[in-house]
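Residue numbers (the working numbering), protein chains in the order written: chain A, 1 to 303; chain B, 304 to 868; chain C, 869 to 1188.
For the record, the hints were derived by calculation from the structure and aren't laboratory data.
Please note that the accuracy of each hint is not assured.
[Stated by the list, open to error] Just some of the chain C residues that point at chain A, by a computed CB distance under 7 Å:
hint : residue
1    : 882
2    : 885
3    : 894
4    : 995
5    : 1009
6    : 1013
7    : 1111
8    : 1115
9    : 1118
10   : 1121
11   : 1125
12   : 1140
13   : 1144
14   : 1156
15   : 1157
Glycine included, each C-beta is placed from N, C-alpha and C at the ideal position.
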Amino acid sequence: MRPAPGSRLGAWRRFCRHGPAVAAGAVLAVLGLMALALPLAEAALGLRAETIDLLARLSGPSLAHPIGADELGRDLLLRLLQGARVSLFVGLAAALVTTFIGAVLGLTAGYFGGWLDAVLMRITDFVIALPLLPLLIVMAAADLSRLGLDADRPEHATLRIILILALVGWTTVARLARGAALVVREREYVQAARALGTGSTAILLRHVLPNSLSPIVVAATLSVGNLILTESVLSFLGLGIQPPLASWGGMLTGAQAMIRDAPQLAIWPGLLIFVTVVAFNVLGDGVRDAFDVEADVPGLQTR
Amino acid sequence: MAWLRDRRQWARGRAVPRIAALIIAGVFGYLPPATGATDTLTIGITQFPSTFHPAINLMAAKQYILAMTLRPVTDYGHDWKLRCFLCAELPTIENGLAEPTELADGGTGVAVTYRLHPDATWGDGTPVTSADVVFTWETALREGTGFAAREEYARILKIDVIDAKTFTLHVDRLTYTYNAFGGAILPAHLEAAPAAEPAEYRNRTLYDTQPTEPGLWYGPYRITEVVSGSHVVLEPNPTWYGPEPAFGRIVVRVIENTAALRANLLSGSIDYVSGQVGFNTDEALAFERDGEGAFNVSFVPSLVYEHVDFNLDSLYFGDRRVRQALMYAIDREALVDALFGGKQQVAHSLMHPLAPGFDPDVRTYAYDPAHAGQLLDEAGWRPGPDGIRVSAEGERLSFPLMTTAGSRVRELVQQVLQAQFRDVGVEALIRNQPARVFFGETVSHRTNPGLNMYAFLSTPEGVPVEMLRSDRIPAEDNGFSGQNFPGYRSDRMDELLDTLELELDPGRRDAMWSELQRMYAEDLPAMPLYFRVEPYVVPVWLSGIRPTGHQVPATMWIEEWRAVE
Amino acid sequence: MIRYLCRRAIGAALVLVIMSIVLYALIGLMPGDPIDVMVQADPRLTPADAARLKALYGLDLPLHERYLNWLGAALTGDFGYSRLHHRPVLELLWPRLGVTVELLGLSLLLSLLLAIPAGVLAARRAYSWLDHLVSLLSLGAYSVPAFWLALMLIMAFSVELGWLPASGIGDLAGDGTPDWHHMVLPVITLSAATVGGFIRFVRAAMMEELRRDYVRTARAKGLRERRVIYRHALKNALVPVITIVGLSLGTLVSGALVTETMFAYPGMGKLIYDAVMASDYNLALVSLLFATLLVLLGNLAADLTYAWMDPRVRIGAGLS
Chain A
1 MRPAPGSRLG AWRRFCRHGP AVAAGAVLAV LGLMALALPL AEAALGLRAE TIDLLARLSG
61 PSLAHPIGAD ELGRDLLLRL LQGARVSLFV GLAAALVTTF IGAVLGLTAG YFGGWLDAVL
121 MRITDFVIAL PLLPLLIVMA AADLSRLGLD ADRPEHATLR IILILALVGW TTVARLARGA
181 ALVVREREYV QAARALGTGS TAILLRHVLP NSLSPIVVAA TLSVGNLILT ESVLSFLGLG
241 IQPPLASWGG MLTGAQAMIR DAPQLAIWPG LLIFVTVVAF NVLGDGVRDA FDVEADVPGL
301 QTR
Chain B
304 MAWLRDRRQW ARGRAVPRIA ALIIAGVFGY LPPATGATDT LTIGITQFPS TFHPAINLMA
364 AKQYILAMTL RPVTDYGHDW KLRCFLCAEL PTIENGLAEP TELADGGTGV AVTYRLHPDA
424 TWGDGTPVTS ADVVFTWETA LREGTGFAAR EEYARILKID VIDAKTFTLH VDRLTYTYNA
484 FGGAILPAHL EAAPAAEPAE YRNRTLYDTQ PTEPGLWYGP YRITEVVSGS HVVLEPNPTW
544 YGPEPAFGRI VVRVIENTAA LRANLLSGSI DYVSGQVGFN TDEALAFERD GEGAFNVSFV
604 PSLVYEHVDF NLDSLYFGDR RVRQALMYAI DREALVDALF GGKQQVAHSL MHPLAPGFDP
664 DVRTYAYDPA HAGQLLDEAG WRPGPDGIRV SAEGERLSFP LMTTAGSRVR ELVQQVLQAQ
724 FRDVGVEALI RNQPARVFFG ETVSHRTNPG LNMYAFLSTP EGVPVEMLRS DRIPAEDNGF
784 SGQNFPGYRS DRMDELLDTL ELELDPGRRD AMWSELQRMY AEDLPAMPLY FRVEPYVVPV
844 WLSGIRPTGH QVPATMWIEE WRAVE
Chain C
869 MIRYLCRRAI GAALVLVIMS IVLYALIGLM PGDPIDVMVQ ADPRLTPADA ARLKALYGLD
929 LPLHERYLNW LGAALTGDFG YSRLHHRPVL ELLWPRLGVT VELLGLSLLL SLLLAIPAGV
989 LAARRAYSWL DHLVSLLSLG AYSVPAFWLA LMLIMAFSVE LGWLPASGIG DLAGDGTPDW
1049 HHMVLPVITL SAATVGGFIR FVRAAMMEEL RRDYVRTARA KGLRERRVIY RHALKNALVP
1109 VITIVGLSLG TLVSGALVTE TMFAYPGMGK LIYDAVMASD YNLALVSLLF ATLLVLLGNL
1169 AADLTYAWMD PRVRIGAGLS
């Protein structure tokens, strides 16, 4: 018997039949594991990702540096792994924030309807249409300490990037979540709960959210790649992740100047960004097909 | 000019891709454009000037372009000595054109008489006269006209016009640079109308409303086209009083991204990249390896002094031993060798080796991490549990190390410093900000208790009063004016700075310069890193480019630039 | 129809006012100003000079006062001067706007010219190797950071092959390169960001149309496949695509910044970036507002075209 569409088990089975998506998932899993394996690789090479060795500057592959060293003689492999940690973390964290904002706004709009829906959706349409990158630049350059926030810690700088990136992606999630909530709110169990006097928040959390999860997950998956790309553009403009932390975008930006002398510095992070973005999109497609969601809102991007 | 075409195509690529290109072009019925005969020189720079007014806003890109269209009365030449550009003879006390005067308040001033070049003529045929000088001085002093370096004019008490080309400046102090007059001169016949309303002058000046007006310029070239953000076109000025320039047209192209700039140079879209507003040293080094023999790459020491300011009022750096320890902790020689191919010179104080008064025998700090550790121990910073030193009060030796965000080379250097500090148990946290935030807030308001890394440009004979005098420490009560950002206080230094400027005898001046450098190297208000070099990437067919190494750009001698076989 | 346009106009005006407040506040949060940077760059400037210049440019007033001053003047049509360039803001803006509109227009055109045939092809041969190839290529174009793509294109087509100029908007060296040659690489770079999304969307819309009854009926009546697809299905499939084109305008304006930086192209993106970085409030604000207005107008045009092409939608009722 074919599982009913919408059931989780059926979705998993359909996902597993989607060859490219499974492959993409595997690639991402490998990337994630590599990022986690940074301490192991450091131990194996007897180096740290930040270890600078000016004598090994721009050196090619060797026993000490399996794929060479960067412009400060840091091990390229370790830097890439650290970049994987940062880029994947930033991408996923921003996607999470994105999803949260989008889901809250979308579900609220869809469930309550009326003027609230009209206002929220008008805002969403407006943000989609905005030229976002210049806005992001303004935000990235703003001085948060003027608002009484402590901008001193490096992790706050990363947090700021995540929040800025999150402002890009939430609209897609919001639109899909709203669509789902519109359908769910007409279902009998929601009507019944309402008749029993259950509060709106409870209904939203207990019934609407779980039953609108599929499109939200799809949109979240599709947004990760875009967010990683946007971080690379911020790095290009000098507003991304700050050194000594490495992000792939930052490494790629730094490698531009060395493009003819040390192409490996550009090829590796470029390739990793490319593979990761492709993989997240293919994975997103797979998830969409599996959940049978109409989610072909093209990834709006800020490049 | 066939040679020009050849060089360009040669620079453009290797044979195989070109043959492939021709085949594919044939298929698509498209041939590469014929590079027509031209005597255009296309120069690439990385900044677009925000204004073309010679006195409003001072930025390197503008100075670079305007050196082709205007010339100051005097400026420094290749020998780092003052010389005439617009004047006929350099006034000195010895030749009687300058003489000390007594001021009303009893002090000593100076009266300097300049004679403008007899043939100096604005591009519309009006002669450049003493009246223009007086007009410029009056405009500069009027409230609201927005002159950037007004102080230079404010020192002039009055101007006596002797004849159309001769005038005497009465200056309120007698310094050893008494005969330097580097300020701009504006055409009174064109600029008088816009300047009638001083508050609106900067918006109405013809230099920005109509920069292609020939009467604004008297140099070898004049501006004939400006496309904001893209390029400036210059053509020879027929009224120029010097030797005729070789190129019939000069295009200054602005390409901010240096990777793109390099690609443009390789592809022949530009011929030459400015040494002053162009590549970073490491990019030029790469070009040297990669230029395919079509370019001569040379490195000229410049007056740009890269250093790291301590905050002497923070709890970390009040003790001189800590400052000296950090100097011993860093290997500047290795840094310069690795990142800049040894082309940049390690600095031992703020004085450039080529500057008059330079003293090579100041205290130097060779890389010696053991000694650094010892000094830190003595200063009471002992290794803590996580390897970072702590004071007796339990304070960790951990502070921000800041610079301008997005300046790739500085960020690289910064990371090296961070790693080397770490080796002696000192934690530097990298935190970078956009230039305007960094300079506008962090540096000028002294908000960073740690280290600030940046550069400043010194002039060949500039006395660093602003950087070192104790009343020039920016603070609330002086409106955060002054550039003594480290907060250096020394009575002896104050005294030296005051007397240096007024000392006319070169021998006695050298002795004072020497003492100043020794104090600087001993007390270390900042860590001297190195003097930047200006990389000149010159196509083999272009000759006559002679960099000065100081702030006067090579375009000040544009009329000597030639294309050669 | 008139009422509808009025409502849109009021909406747009509201959006622009809100934008201006948000932006003004955000730019105000960036400390420091160009005068401090200038002091750093030139030893001839004294602190007295710096203090005088700051007062001159009104940097000593509180932020909200500066905003109200600005708004009052802007409402009378006086957008003021750029502090950086000392020119009226609009005078700086117009040529840049023209350059960017041209770049955006051509990119949009190129994207559509590529996306429509590719999308139709992929839909007709859905799930074939061709379909997979198309989706792989469209995904690939999207997945490369734009600055990187630009550099690769310059290295390949300008440096190695020497076919196309690496930068600029016209023939400056006087060697007879036609102007359009300068546009090829920037337009390709900018299109890469949108073409993938368009292809996916055309494909999806087309597949949906091909499943509909009228297509089956037409096929059953023996109409030629080509005619069925291009006359009927494509026309209907393009209706939703128009909305996406409208929505992608913001993306394109954003993408213009990177493209303009890499190709030294004097457009709006670069103008906005430089103005923000130099805290040239006026210029930054006005150019951002114009960019937003451009996008809003584009959306309106898309909505009107949508209504015009799809008889099921009546302006004023179905759309708002």
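Starting from the hint list further up, note which numbers the structure goes against and sort them upward. As far as the earlier hints go, 1, 2, 4, 5, 7 and 15 are violated by this structure, in ascending order.
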